[in-house]
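Chains as they are written, first to last, in this note's numbering: chain R, 84 to 187; chain E, 2 to 661.
It is worth saying that the hints were derived from the structure and are not from the lab.
Ideal Cβ placement from N, Cα and C applies to all residues, glycine included.
Honestly, I wouldn't trust all of these hints.
Chain R residues, not near chain E, derived (Cβ > 10 Å throughout) [to be verified]: (1) 100; (2) 129; (3) 139.
Some chain E residues judged to face chain R by a derived CB distance under 10 Å, without partners named [said to hold, decoys possible]: (4) 155; (5) 163; (6) 170; (7) 174; (8) 190; (9) 194; (10) 197; (11) 199; (12) 204; (13) 205; (14) 363; (15) 366; (16) 398.
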Amino acid sequence: MGSKNKSDTPKGEVRVGMPADFRIGEVTDLHRQLRDALDGSAIVLDGGAVERVDTAALQLLVAFQHEARKRERALSWTAASAPLQDAAGQLGLAQILALPAKPA
Amino acid sequence: MSNISIAQFHKVFFEESLEGLDAMESALLALDEGGDAELVHSIFRAAHSIKGGSATFGFPDMAALTHEAESLLDQVRDGRRAIDKSIVELMLRTVDCLRGMFDRAQAGQPLADAVSEGLKQELAAAVGHAVPAAAAKAVAKPAASGGWIIQFRPHAGMLAGGNEPLRLLRELAALGQLVVEAQLDRVPALDALDPTECHLGWRIELTGAVTREAIAGVFEWVEDECELSIEPLVAVAPPPAPTVEAVAAPAGAGGAAGTTRANAASSNDSGSVRVGIDKIDGLIDLVGELVITQAMLDQFREDFDPSRLAMLQHGLAQLARHTRSLQESVMGIRMLPIGSVFNRFPRLVRDLSQKLGKQVKLELVGEGTELDKTVLEKIGDPLVHLVRNAIDHGLEVPEKRRASGKGDVGTLRLEAFHRGGSIVVEIVDDGAGLNRDAIIAKALQKGLIKSGEGISDEEVGELIFQPGFSTAAVTTDLSGRGVGMDVVRRNVVDLGGSVAIKSRPGNGTTFTITLPLTLAIIDGLRAAVGEECYIVPLVSIVESVQLSADAVRSVTGGGELFRFRGEYRPIVRLHQQFGVEHARQKIEEGLVIVVEADGSQVGLLVDELIGQQQAVVKSLEANYRRVEGISGATILADGSVALIVDVAGLIRLQSRRKAA
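Just chain R, same shape as in the assembly (with noise of 0.2 Å):
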């Protein structure tokens, strides 16, 4: 699993992994995390552990993906769990995210 997004100063790469429970109990925290992430320049999103989802946390992926776009940080995922990509797929929000391929 290495990080696509090494162009920028390794410095400014910001790793932010999702807990299993990525549900609206955990979602303040997270939104904290994903807003001090954007100070550095690219930032790893990990889903890879993501059990549980609902739709504040994928919203919350929502407003941080525009975030990050209107900001110009380099944004990528090193993994998304199957229960994040049917969920972000039922929402309608799959494309959006830009979520990577589904794990074999």
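Chain E: place on chain R using the hints.
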């Protein structure tokens, strides 16, 4: 008697069932933490009651769903399936779904929706047999249009309220093909975002043969928490004719898309009693009398002259009389005629007899007999069980009746009357009576008894009260799952009553339920044991005897027996039972109170009798904890606490000890 509207009992049924669902839910949650078999029993019983009630009151969709749930629980109860998270989760969802159904039933809307149909399939799949697809017709009736466009925009607070659009969309996906387009225009910038609020919206195209009701059903829980529109996908005539059938409620189903749960909360009040004006006027009169007596007694406060002692005594006697009448009148407010319970039965009997191909004449006697509202509410289910059993197991089909020389039409009589301080309800059928051989065979198979030799008819009658006992080979949605008789007994005993059964082979069966008039106040005998004082309920007392030492036999294993009216009865030494010190140890120095419950008698050894008294029952469980052999406590005139002996509980304890 045939023109009784069943609808008037819906409210009671809803209240009871919602309570049952609450109980199911908490038991399921306890089970999730790792519970015991009793929890499974209690969940099963709740499901069974709801199933029976919903079938009786004309909610077939609800009955069908609970039937599947019950089948699954039955497997768990019999040990054919281990309880695991997935079952608990499935059952919890069923509980939620049933709550939704009750809400809709109260609003007079169709009960079945996509969720309930889906759940029914899931439950059936879990049980191991699939429900034929035709059963889902209520929802899956094709709509004339090829699909729908759904605009769904949750209010900001919906997520925090626990409602999850993801789940709703999954449910929609179960109905047909979805094309989901998320609308992000209202999502604020990251810094301004409160991540627990919802700012997303969706435009959803749903293709497939789906009714508008089915879609509305998915959003039913959230419709006051979102903006929702459901439009036909193509401009074909939108035909949302109410397609869900067989709901007995008035046809308010027309515009089902715009349903609300507005009146759902109002049913959670603490219950109410309708009181006749005459009863209230009587109370006001009595209070007036009390005020006069009080004024009269007041005179003595200023200047008491011994010459007026007689007048004082007169005043006090009057006070006592008025207080007693006032108490009786207040209790009377809670007394309702048993007819309100009996009136459920004509419909039940009609439906059941048709279903079973039996001819039944129902006789209701003593409908005006009054009993306490609490008792009344709790006696309904046991009576339903007994009536159902009587029709299902007791009464025979016409051919069989003819063969036994009886008329085609079986008679089922429900009779209520007062006897002493109790209400007696008898359920009498003129069917075949208990099938002794079948009961013994079943008891052997279930391991309830070791051998069928020398079992008395009385003991055979007792067997059917054992949990899990049933002689029916095939389970139906009527009876015959073996739930019932143990529940009947438990419910009645919990009310301070008893159930007895008398079978006349070939001529029928009689169940006799004896219930106290009220639960709030009992008449009792005050007995001293050491320095403690116990109240023995008067209804249980047969008589008190002083025994000589040689009237008592010790038996191996430590028990003691005494001879009473030609039979030996066990002695329970109350001081030993409750660990009281300084009590009289010798039988001949104390007194033996012969008490009876559930058809057996024991003698309670106490020091002496102090007197009779009315005891206002205070719950021990609510203030302390449950104690075996004690049904409650009361406060004596001197302010001390006396415990009320639970005679039935003591007898059970005694027989358990005997068996051990």
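For each hint, the structure was consulted:
Consistency note on residue 100 of chain R: stated as away from chain E, and its beta-carbon is indeed over 10 Å from all of that chain's, at 17 Å minimum. Look at residue 129 of chain R: its CB is around 19 Å from the nearest CB on chain E, clear of 10 Å, so calling it non-interface holds up. A cut-off of 10 Å between C-beta atoms contradicts the statement that residue 139 of chain R is not in contact with chain E; the least separation is 5 Å. A hinted interface residue such as residue 155 of chain E counts as satisfied when its beta carbon comes closer than 10 Å to some beta carbon of chain R; here the least separation is about 8 Å, so the hint holds.
For residue 163 of chain E, the shortest C-beta to C-beta distance to chain R is roughly 9 Å, which falls under 10 Å, so the interface hint holds. Given the 10 Å rule on beta carbons, the hint for residue 170 of chain E holds: about 5 Å separates it from the nearest Cβ of chain R. Annotation: interface hint on residue 174 of chain E holds; nearest CB of chain R at approximately 7 Å, less than 10 Å. Checking residue 190 of chain E against chain R by beta carbon gives a least distance of about 6 Å; that is within 10 Å, so the hint holds.
With a least beta-carbon distance of about 5 Å to chain R, the hint placing residue 194 of chain E at the interface is held under the 10 Å criterion. A hinted interface residue such as residue 197 of chain E counts as satisfied when its beta carbon comes closer than 10 Å to some beta carbon of chain R; here the least separation is about 6 Å, so the hint holds. With a least beta-carbon distance of about 7 Å to chain R, the hint placing residue 199 of chain E at the interface is held under the 10 Å criterion. Interface hint status for residue 204 of chain E: upheld, as the beta-carbon distance to the closest one in chain R is roughly 9 Å, under 10 Å.
At about 8 Å, the closest approach between the beta carbon of residue 205 of chain E and any beta carbon in chain R falls short of 10 Å, and the interface hint on this residue holds. The criterion of a C-beta within 10 Å of any C-beta in chain R is not met by residue 363 of chain E, whose closest approach is roughly 54 Å, and the hint is violated. For residue 366 of chain E, the suggested interface contact is broken, since its CB lies about 60 Å from the closest CB of chain R, more than 10 Å. Violation of the interface hint for residue 398 of chain E is found here, the shortest Cβ-Cβ separation to chain R being roughly 54 Å, above the 10 Å cut-off.
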